[in-house]
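Listed here are the chains, written in short residue letters.
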Amino acid sequence: MSEQTTTITFKDRARSIAKDFGLPRLIITGFLVLLLVVSPFVGADLPTQISNIINRFSWNGILVLAMVPMVHSGCGLNFGLPLGIISGLLGATLSIELGFTGTMSFFMAILLATPFALVFGSVYGWLLNKIKGGEMMIATYVGFSSVSLMCMMWLLLPYHSPNMVWGMAGKGLRTTISLEGYYTQALAKILQINIGNLSIPTGALIFFALLAFLMWAFLHTKTGTAMTAVGSNPEFARSAGINVNKIRLISVVMSTWLAAIGILVYEQGFGFIQLYMAPFYMALPAVSAILIGGASVNKASIMNVIIGTILFQGIVTMTPTVMNNMIHLDMSEVIRIIVSNGMILYALTRKTEGAK
Amino acid sequence: MDKSKKKVLIYRIIALVVLVLIATAMFIIGRGHTVYFDNKPLEYGGKTIDEVPYKIDVLVNGEKVASIKEGERGMVDTMGQNFNMQLLVTKEKDGKTSKIQVGLPLPYNMDGIILNLPAMLAGLPQDAYISEFIPTPSAAELEDEEVVTDETEGLMDFGE
Amino acid sequence: MSKNSLGDYLRRFSVPLMFLLICAVCAPISGLSPSYLANEIVTRMGRNAFLILSLLIPIMAGMGLNFSMTLGAMAGEIGLILVCDWQIVGIPGMVLAMIISIPISALLGLFCGKVLNMAKGREMITSYIISFFINGIYQLVVLYLMGPVIPIKHGTIKLPRGYGVRNTVSLLSMRQKLDNLIPLTIAGVKIPVATFIIVFLLCLVIIWFRKTKLGQDMRAVGQDMEVARDAGIDVERTRIISMVLSTVFAGIGMIIYLQNMGNIATYSSHSQIGMFCIAALLVGGASVDKASIGNVFLGIILFHTMFIVAPKAGTVITGDSMIGEYFRVFVSYAVITVALIMYETNKRKNKSKESQQLALSQEEEVNG
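Residue numbers (my numbering), protein chains in the order written: chain A, 52 to 407; chain B, 3 to 162; chain C, 2 to 369.
Check the hints yourself; a few may be wrong.
[Said to hold, decoys possible] Here are the simulated SDA-like cross-link-like pairs (lysine to any residue), alpha carbons at most 20 Å apart as the crow flies: (1) 154(C) <-> 109(B); (2) 42(B) <-> 115(B); (3) 178(C) <-> 36(B).
Hint data in this document are derived by calculation from the structure and do not stem from the laboratory.
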């Protein structure tokens, strides 16, 4: 008799875990595990694959982390990530223009990007406070508008560094700028571990861990808990004496600043600055990564960020090699589009608990 | 209620049938062919047709589409299964021109069709003067191209 | 509400007025001749009107700007690719492509409507993501299934590797066949009469549709879903129908658009079509919840004049052709952004006004 009850509870628990985890997430995890298992048999080198995933994780982690504050404060998924990325790009180009080199240029870029992120973030946050309820669509278009405005600016702003401008005209920034001699691998090469084909960019991982820890700690401060309260029930938060608009503004500024830092970390791994249309769709991978990690439109944790980035980047890096080796057919791009956008769609169609 | 449902169903079936009928009609009247005209000698059934006129002008719908000297080839794009043309045949240089009206059905499954005009004028059976044109793929066609599925592609151009 | 002051009018027509200003400034600077401009605008009117008209029905049903009209565009492209391979040419080819696109569009519209019913209140962002998602499916079909599964015969369409469709498919066999069906030139301006007739017919259909029972239901749903539900309207079904209609019209519109262009950019023709059509509609003075046929035509004239004139003017002013190109892209996005912001702020304003009135009347009840 008692045995039966335990089996039922166990079954129930398993089911509730599966439900919590969500079917799409389960499929994606299964898919990645399958890829990892299959890869040695089709001739892909597992250590190389794993270091690829770790590397890509270190590039993208902070961009995904940037989603967390706005989700917490109820502003939804930050489709306006390109705005923060633009601040980062301004910091990066200014740092090079002012003549900084090596690792120094990386920290100068962060420093120079910060005021832009604060200003842009404040304006953006002020705007989002005006249009509560329609944040995500407007965020998307704020991102698009800012990217296309900056396309003109990259041409018009008086940059002169010969490493960045078009050689012929002597003005106007190039579409891609190499970071060789500047901050390429600035973080990754700190305490880098190399064992055979396995290489771990320790510095970049520590940097991510630091920011993630700070975020976690922030969410447990008074302002942080107020932010969660605003996100889960704004009416209740208001009656508890919390300034809802101010908290939301803070979350947007934080998200924008993290996006600025995120793109700089991405560039130090990638080795290039990409300007013009490149930031256009950069919000989508970050959004789908955090959703794959288990977040929803109004709930996200640091754990979601870590799991999501690993799963997303895992699939992005593994599918091309495995598929190419297996059937000589590279469908990875199509799979990426369907999986990442399917995940966003899944999250948008869930009934959101709590506030809305 | 039941009656109106039935009515709706009937309307839908009628609409579907009409669409299918239109589609079938389009398949037949819209089939495009490229017709090539050869003014060359042809060997058929052991004998050679070598009575090749000096020049043939081809008119389709009253418009001159090709003027073919001896040993040359002309072409025209057509639509539909029936092909009508007028031939202005000039046997000798500076000789008299005779006008011939020709109408013939085109085989549906051939994209490119070669008509050997001298053989046709000599009154040979259809399978003698009609043959399929099989294009040799050009170098550009054989060259593998990189498929661009970049999401940022096409952001800038719209209807240029 | 009661007074339509000059200020109200100015606010309502602020976007068209701004565009009028941009065009008025840029047109003389660009140095383009009026006859060239007139020709271009008439061509673009024929090319785009049908596509933009397809946006009207979802707006009527309160589902906002249909960013997933891209779905219909993809269906239209699939129809055209198949017809090209079957070598059906000219107008019959176009008609056949339309007939093929209709079931695909309807199916995609059904999917889209069902998903949007699960995401009420955020239809626009969801329809936007749907367009990306279905683009993935489209690529799967066109890049991998066409060849081995869906037979494609001709080497001019198929990639030499045996599967997938080339980056561009030539539509030479039906290029501008519809536009030139009834040739007419007035004062040096070539007018695509047949295309305009079809566009006119669609306008009539839309006007008629508004008056039918279904159209009335749709407007009721657009105004207030709960009220409509209480009145016995099947809200979900009505919304799905509006999406299906919009997608089917978009598919047909895309075929008309591409016959004018003369070739298909297989992987990018559709991707921006939604954005540009929406921008043009908004420039014509439409908003997220209200759009008329007049907005469509005014929008095409203003938006496309800007589109033609801006790069040239930009080149003249700055000496760099890219500036003008980026400028018009920026303006397109900015227009949509501003329209969305205005819509959301108005919505909030109305809501707070309503709640104020409610509080006021309750107070009166208590006092009285």
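Tested hints:
no. : hint              : in the structure
1   : 154(C) <-> 109(B) : 17 Å, holds
2   : 42(B) <-> 115(B)  : 15 Å, holds
3   : 178(C) <-> 36(B)  : 18 Å, holds
Every hint from the earlier list agrees with this structure, and none is contradicted.
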